[in-house]
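Going down the list, the sequences are from chains H and F.
FYI, in my numbering the residues of the first sequence are 1 to 673.
FYI, in my numbering the residues of the second sequence are 1 to 311.
Hints may be right or wrong, so weigh each one.
[Said to hold, decoys possible] Straight-line alpha carbon distances no greater than 25 Å define the calculated BS3-like cross-link-like pairs of lysine-lysine that follow:
1) Lys73/F with Lys102/F
2) Lys93/H with Lys117/F
3) Lys324/H with Lys341/H
4) Lys310/H with Lys424/H
5) Lys49/F with Lys235/F
6) Lys304/H with Lys341/H
7) Lys341/H with Lys424/H
8) Lys102/F with Lys93/H
9) Lys114/F with Lys93/H
If you're looking for bench data, these hints aren't it; they were derived computationally from the structure.
Computed from a prediction, not measured in an experiment: that's the story for all the values here.
Take a look at the letters that make up each chain.
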Amino acid sequence: MVSVDEAVSAGIKKIATEIEAITSLSGYPETAYHLPITYAISGKAVSDAASAKKVYLDTNRSPLIGNEILVAAGDRTEDPPYTGFIEDSIIRKLGYSLVDGSILGLALIVGNPEKADHAAAICRELQEKLMLTFLAGGVIRSLTGAGVKVGLELRLVPLGKTSLKAVHFTDILARVAMMFGGVAPGDAHRLVSYAADRAKAFVIVFPGMTEEEIACIDALRVLGIPVLHMGGYEGGNFIRVALPDAVRTGMEMRGIRVQVTAIPIPMACSPAFEGKAIRKEEMYAEFGGTRSPAFELLRTADQKEVTDGKVTVIGPEIDQIPEKSAAPLGIIVEVTGKAMKKEYEPVLERRIHNFINYGEGTWHSAQRDLIWVRISREAVSQGIKIEHLGKLLAAKFRMDFPTLVDAVQVTLITDPERIIGERKKAEAVYQERDERIAGMKDSDVDLYYSCTLCQTFAPNHVCVITPERPALCGALTWLDGRTAYEMSPAGANQPIGRGTVINADTGEFEGVNRFVRQASHGEIERCVLYSIMDAPMTCCGCFEAVAMILPETNGIMIVTREYKGVTPSGMTFSTLAGTIGGGAQTPGFIGISKGYILSDRFIQAEGGLSRIVWMPSVLKEELGNRLSEKIQAAGLLGFYEKIADETITTDIEGLLTFLTSVDHPALNMPPLF
Amino acid sequence: MNYTYSPGWTTAVREVIIGATPDEGGTRRISYRIGGEQDLPFIGSSGHKPLIAFEICDDPAIWPEVVRCACTKLIDRPADWAAYADTVLRADLIRINLTSTKRRNFSDFDGVIKTVKSILAATSLPLLIEGSADLEIDSEVYQRCGEAGQGERLVLGTAEAARYRSVAAAAIAYGHCVIAQSPIDVNLAKQLNILLREAGVADDRIIIDPYTGALGYGFEYTYSTMERIRFAALKGDMDLAMPLISAPSDSLTVKEVRESVYSHEAAIAWEVATSVAAALAGAVILVVRHPGSVPPLKEAIDTLWTEKEGV
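Could you put together the complete structure from these sequences and hints?
In structure tokens, the structure reads:
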């Protein structure tokens with residue numbers, strides 16, 4: 001067992017002594033970057049022993065530079081298959097493949113493996129995962145002895161006979177940083193951040209390295225490159241891993257992800273099938289939909305508990321479920337990922353609905369413990385099993401959320417007894433989530449999110465999404481906006497710093513104004529979030545409902561998309577929508593989501609809920625109890641009955657008569673104008 | 001009535017240099033500096049005079065019928081075709097569209113590079129290369145094209161949101177510019193520019209192609225998108241402050257041209273009218289395919305951008 005700390009300090013001293021003894025040295029002829037590591041770190045073009053020694057001392061005896069000087073001054077000849085120093089034109093191609101994505105990352109393997117097949121297994125896995133692997137030291141002899149072919153074209157690059165030649169891996173990194181990363185020679189700080197952020201690399205070491213070699217490899221950590229080993233070392237910052245986990249651990253540490261492109265199930269799977277229903281006659285079996293217990297839950301789990309792609313079915317498989325029957329189904333999706341957060345769980349969970357519907361022979365409806373799933377007879381005859389639902393979900397989550405999710409495993413429960421207990425646990429999670437979201441206030445966060453998806457047809461429209469004001473289409477909450485931003489940082493949902501509060505009551509914020517001005521291409525100067533009269537938010541055309549003032553009543557009416565009839569404004573929903581859409585700011589009119597009506601911030605600037613004088617009965621019923629609760633909380637006793645609907649009147653005179661008869665509070669509120 | 005024009009522009013469009021002379025490390029006889037506009041065309045400073053690029057291809061099978069009829073002798077000889085565009089048509093730029101890469105199961109990478117090299121030898125004008133459009137072969141095509149033109153500051157196209165990595169990599173590795181195309185949408189144009197920057201492409205190496213619909217088939221949409229990209233840039237959005245290129249190639253396949261008895265006249269009228277309109281919206285590279293389009297387009301540009309207007 002070698003102590004890394006002791007070997008590193010002894011190695012550093014030995015390197016210093018050896019450099020002292022150097023008498024001659026020359027730069028590499030095959031590059032424009034002299035001694036590339038030295039050049040990148042110090043900006044000095046070293047061409048002889050004296051200048052090399054000076055740079056070495058000036059950089060406080062950097063082992064990376066020391067390593068490069070020793071190798072440059074030593075025997076540089078290498079017999080095939082060893083490559084030795086690799087020339088610039090090949091590095092350019094390599095860098096191209098890294099930017100282009102045909103190489104996902106870089107690995108370096110050094111040392112002398114005790115068993116050749118251990119090294120061979122690691123190399124095979126690296127090749128399969130589109131990594132470019134560099135080899136230095138005894139590991140190359142082990143591999144070639146075991147019949148493994150090496151060479152640049154095979155993505156296994158044999159640098160040299162000793163592990164010290166791993167320096168050529170580092171000089172490649174240095175050159176890639178200068179060629180592709182715009183890192184100026186001598187800007188060590190940029191070099192380090194480029195290597196850490198962009199050059200996705202890690203090292204796997206086998207035992208049997210000299211102290212100098214250990215010191216040089218250890219120095220790579222400065223560049224953010226982790227060093228993994230499977231035994232033979234202790235202490236220091238070398239990370240111990242089990243052999244089968246080595247490659248996966250390295251890739252996870254550097255955030256290197258293999259893209260999933262094919263879903264391994266005997267069924268077509270595409271958004272094209274999303275709208276396809278499975279009728280009773282076409283169905284093989286169904287799950288949930290009040291016919292049998294069912295639920296779905298997505299949760300984050302500890303990395304150790306999740307094996308990517310693993311699917312477990314607890315209970316009978318499809319062939320043991322009688323045709324045309326209703327069986328229980330619990331879907332538990334467990335994900336891990338460095339960027340994954342608990343808040344994303346409901347957003348991702350919602351995608352189960354889309355993904356199952358993508359399957360040509362599977363159908364999904366509703367959410368949580370209300371789900372209803374069907375599998376078609378045709379799909380079952382083609383070999384679809386319950387297990388494949390899991391495979392489908394695991395693959396789709398990996399494909400669609402590559403930056404959030406590193407590993408996904410799915411458990412499917414069809415056992416009628418097991419499901420009851422699991423469902424109870426899931427219900428506790430739903431409740432916890434509801435409390436968390438329901439409790440979120442606009443003032444709890446500093447960042448809101450924009451949505452400019454609709455600018456394709458409403459060129460200057462900007463939605464501002466806050467915890468208490470969902471997007472006007474009703475499809476995006478604040479959490480969804482945040483998730484969308486994290487998944488696609490250059491996309492249509494951007495964070496908006498709230499900035500200085502101009503008026504907390506009307507919801508005017510300096511940061512929101514600035515953002516809207518810029519994102520509306522200078523069209524909209526101000527956006528007052530909780531107002532209908534003063535610089536209200538623009539409307540695209542997707543709004544679930546329109547709220548508009550009825551000047552005669554000193555109040556507002558709300559009409560939803562579903563309501564086809566005429567309203568007291570004299571206009572139908574579609575006429576209104578055509579009038580206010582397209583990205584215009586129309587004081588007196590706002591496009592809103594239904595959810596916003598129940599928000600405490602609902603037209604707070606004009607007095608909120610008590611301004612509502614009319615809404616269609618379909619909306620009134622939909623909001624039902626939730627609206628009553630809000631009314632009660634606001635102390636507006638009997639207000640629910642004071643809101644007119646089309647069964648009471650659809651003209652303004654009728655409405656006025658009604659409002660006066662019930663003594664509607666809007667009549668006595670401050671004038672809207 | 002007094003009218004004061006004060007649009008409140010804060011920013012100039014970035015300048016992009018295309019082509020490299022021997023002094024600049026290439027072999028072209030001229031290089032162009034495009035962009036730099038501080039206002040809309042013909043208001044304030046008009047920026048540089050638009051350039052005309054003549055586009056040829058290496059496999060005429062999918063080239064518009066009307067152009068194949070007009071370029072009969074040259075159609076299978078890209079190098080001669082390029083020389084003709086340079087010396088006879090007097091285009092400012094040549095664009096080679098590697099249509100051969102769009103055939104099913106394409107694999108003749110060597111052949112394509114031979115064509116690119118022969119064109120670089122046949123003309124000393126700066127070159128635009130329109131490469132493959134298939135993720136399967138993009139990596140190899142763009143790497144080889146980039147390498148073949150190293151030092152020449154080519155303009156490589158086309159980067160799109162779903163496949164931009166190979167084009168970007170070739171531009172970074174071999175020092176070229178990129179055409180970033182989005183489907184007539186200002187926000188997608190911006191998003192693609194950000195993606196390119198994150199991949200490592202410098203902002204002054206990007207040219208925006210907002211996609212040009214044919215006149216009567218969506219060009220007004222293109223026009224307004226170009227205007228909006230330019231407004232955003234002048235108001236300070238640096239993610240959109242790049243020069244614009246317009247390639248109205250759709251114009252040559254519209255029904256009015258295909259079915260016209262006077263198809264050449266129709267083709268020229270359609271290409272020139274669309275190009276001039278694009279120039280008025282701010283495009284500084286106008287790509288045409290019909291040889292007859294070059295002289296009238298040149299005349300129109302010269303008339304509009306007189307000496308004192310142009311730079």
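Verification of the hints:
no.	hint	in the structure
1	Lys73/F with Lys102/F	23 Å, holds
2	Lys93/H with Lys117/F	19 Å, holds
3	Lys324/H with Lys341/H	40 Å, violated
4	Lys310/H with Lys424/H	24 Å, holds
5	Lys49/F with Lys235/F	22 Å, holds
6	Lys304/H with Lys341/H	17 Å, holds
7	Lys341/H with Lys424/H	23 Å, holds
8	Lys102/F with Lys93/H	24 Å, holds
9	Lys114/F with Lys93/H	19 Å, holds
Figure legend: structure checked against the earlier numbered hints; the only hint not met is number 3.
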